[in-house]
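A.B. asks: These are the residues of each chain, in order.
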Amino acid sequence: MNLAILSPKPHAGKSALCLGLGYHLKKQGRPFSYLKLVGDLSGEGAADAAFLGAMLELADPPELLSPLRGGPELLAALLRGEGAAAVAPGERALEQLLARPGTLLVEGAADLAAGCSLGLDAVNLAQRAGARAVLVVDDHACLGADWICLARRLLGERLGGVVYNRVPVPRVASLREDARRLLARTGPALLGILPEDRLLNSLTVAELAEILGGEVLCASDRTDAWVEHYLVGAMHVESALRFFRRTPAKAVITGGDRSDIQLAALETGARCLILTGNLPPAPAVLGRAADQGVPMLLVAADTLQTVERLEEEWGRMHLRHPKRARRVRELVEAGLDWAGVDALLDEAGNP
Amino acid sequence: MGMQAFRSPRSVAVIGAARERGKLGRDVLQNVVAGDFRGRVFPVNPHARRLLDLPCYPSVLDVPGEVDLAAVVVPVAAVNAVARQCAAKGVGGLVVITAGFGEAGPAGKAAERELVAVARESGMRLLGPNCLGLIDTGAALNLSFAQGMPAAGNVSFLSQSGAVGTAALGMARDLGMGFAKFVSLGNKADLNEADFLELLAEDPATGVVAMYLENVVQGQRFLQVAARITAEKPVLVLKAGGTGAGARAASSHTGALAGADTTYRAAFRQVGVVAVTSMEELFDQALALSRQPLPAGRRVLIVTNAGGPGIMAADACERGGLQVPSLEADTAARLRRVLPPTANVYNPVDLVGDAGADRYRAALEITAGAADATLVLLTPQTVTQIPETAQAVVEAARGGGTVLACFMGGTAVAQGVAVLTRGGVPNYPFPERAVDSLAAMIRCREGRERPAHPAPSLSVDAAAARTALTAATERGEYLLGDWPARPVLEAYGLTLTRARLAAGREEAAAAARELGYPVGLKVVSSDILHKTDVGGVAGAIANEAALIDAYDRLLGRVRRLAPRARLAGVEVVEWVPGGVEMVVGMTRDPQFGPVVMAGLGGIFVEVLADVAFRVAPLGADDAREMLRELKGYPILAGVRGRPGADVAALEEVILRVARLAVDLPEVVELDLNPVLVRERGRGAVVADSRLGLAAQMQGGEGE
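Top line first, the protein sequences correspond to chains A and B. 1 is the number of the first residue of the first sequence in this note's numbering; add one for each residue after it. 352 is the number of the first residue of the second sequence in this note's numbering; add one for each residue after it.
Keep in mind that the hints were calculated from the coordinates and are not lab data. Check before you lean on any hint, since a few could be wrong.
[Stated by the list, open to error] According to the in silico footprint, chain B covers these stretches of chain A (three or more CB under 8 Å from chain B):
hint	region
1	24-37
2	241-249
3	275-289
Just so you know, these numbers come straight off a predicted model, no measurement behind them. The C-beta atom is built at its ideal place from N, Cα and C for all residues, glycine as well.
Could you build the full structure based on these sequences and the hints that come with them?
C.D. replies: Quick look at the structure:
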């Protein structure tokens, strides 16, 4: 049986679940393929697919793993009334992979609506692939109850299970209880709970530099350090010291002219400093950072823009790092009801 | 190898000595030669055979004989190679004048680290880099590029800024102030203020130490050394960067945190170091301390030829905590016999405007010994005999006691000032500056007379505290509220309000019955930093009905205002009535380490900031002194019929917090607020607390 992985929200953990399922299928020696047809109209997602292919050592080229490129072109084609032609490579890839023996893991578009205008939304894909659908939910407060209900209405019996992702560790037990009660009424099985994980919520300094378009001013050999928190240093230096001391694995965002805050950050073990507004630091401070092996990133954006950018990034699930891939494998291995998953995989034919 | 080379060098090399004017290498060699250094001098430069009539050597390795100190003035890229040669030669100390190291950026910082490594490997000690050099008038050695040799004297000056150093040398010349040692500390890559303070403590030529600092490198060591030296020699420190803007400037300049001004002031005061806030104060006070003996007490006699300056001086004395006592009746009577009828014979003694030198002389003779210090004021009037009066003041000073002068009037009194300066009586152009200098002398005297502070004996259970702290960090909690902090505080012998954790309404009611009404409630959640901000506190609950009501309302408020917070329950606490509300806390200063704070609680701490600080460890008397420093101390001691509070119990709380701060470095902040100090004999109870843990080295790998 094929599986379609979908979610109500982007960055809820679909790729991570696909990766984990891929590892499982590989371990069992079952043949499988993976397809991520479309992220959303903005064209994101191809890089995740390529990374996933590499981690799972799939022989298929990126064009087959994620055949559709370039959001703006798709939109333009749609506006010209040439949508069908534009998505043709996707259709061909789907047909090619469906013709293979074994399981196809289809990763749905960003959310339940994405791709609908081109006929490539997750629900449609699941139907065309004859797949059982698994919904990934990262709403531990309300259990995604409304989404599950909607997915059930759209997919009917095809909705095979729900996986909760990024559940705060203290909430795992109570959520399991709540979810069992909820799903007993609405149908799909509870296929697993993946706890919130610090590593999957962390970015490396190199990733931060890329996201922010920052120039690494020193310690460029130390950009593999992991950052779990970012703090803004705009206060008085004594308050900054207190605040910084009790925050582990942090990046500190401040102006290049705030030597005092920069030194407070260096004093309290910051993993990197993000200097906003294109103001380079004082040479003596830069020297100290280099000496301690703490990268300083110089960015053009101001502090507010930088924080907004990082807030957006920190709300997401991150995957593209071998270390994170290993962690996903461990979490999925430990967190899924494999009997339930195997039961779905073992179903024959089109439900 | 210690600092012997810096103490009494017998030979110096100037590496990078040059012939051309305008080069530092020439200035340094010129200074050494012109200063008449009594030891041997070796210029080193591969491109010269003789410099300033001395044989010049291609490298330090070619120098015949031993080299105690080597000044390095070669380009930055060549410094480390030169340092290695010096190490091979067995040079005792390096004075690296060359700039372009840590202050210049990453490459410079790396070079500086290497330079230190070269020195450490061979046992050489290193002054600088990026410094002006050093001067030792006792050895007639001017190993610097400062202009000329200063006069010899008993003041030693340590400066973190070379420029401040050169300015100081120039100003001292005008003031007639002489130096024993002058050290420009530069980047303090190896030797720092504590090292030289230690050296100066044993330097017989040094009577007074003055310092300009932008930060202190080894805070605790500095304080230990300072406490020893101030018992014998006054130490003045101008610590720049005490404001937000100043601290930022200092940070940019040095690449080190400037540190909190309140901490510096507290730390300096603790060890008898006098903190000044301007170059003017530094010079005024160093001059007084270097030229006059310390006064025995706070009583000041003011002698003047004009009423106005006398009044200003009296004001300044009282504001500065000095006394202006009236003269004894017989002294006043003796004065009355020699002074005109319009004169004032009490204190200030006003000799009136037509006073000549003889009248000053007579008054000074009669009042000799009447106070602990004498301040002689003079304003230039038509009949005033300025140099003659100055001479009379000098003679009076020779008779013993502390005498400072304030001859006002600029150039009009210049001749008199010259006589005073030659005669060893410091003169100040304004009365306030003279009085401030007197006050500094008295602080030095009182600091010296402080009793030794024996360490208090307290029984604590550090292991139990640590177990509780480890459990918290394993849960990923770094800021502990009242409930999780309890085992730590209890292990340190603090008395806390009795409390129970309740998971529900019924448990809360049971806990309250056990504790006895009235009780208070506090929400317990590691996600809530400020309980009161989310309405997570209720107090003075008198009975079970009120408790149930308060419990439900509290949880309702918290769920509304902090919907995502994970709640561990509600803490039911006994409600302690009365007592004086105090705050006791601890933070960590990057320079000095644990800093303990005590102050009046409630609105006093927020509005009046009436708090006292000390750097831990604390001696038994420190807690006493902290409390007596508070403006609000009378509230504790008991005012207007209110009974005194249990000050001894509060002192013990402070000492226990200090002990915790020293024992548990992972605790980075602690707030006991309020500490309720009950009536004398009834103890002090910690009613709420917050404890912060170091997270800085944790996490990051997702582990």
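A.B. asks: Now tell me if each hint is right for this structure.
C.D. replies: A quick look at each hint next to the structure:
With a threshold of 8 Å between beta carbons, the proposed coverage of the region 24-37 of chain A by chain B is violated, since 0 of its residues qualify and at least three are required. By the rule of at least three residues with a Cβ nearer than 8 Å to a Cβ of chain B, the coverage given for the region 241-249 of chain A holds, with 8 such residues. Coverage of a stretch by a chain is defined here by at least three residues with a beta carbon nearer than 8 Å to that chain's beta carbons; for the region 275-289 of chain A and chain B the count is 8, and the condition holds.
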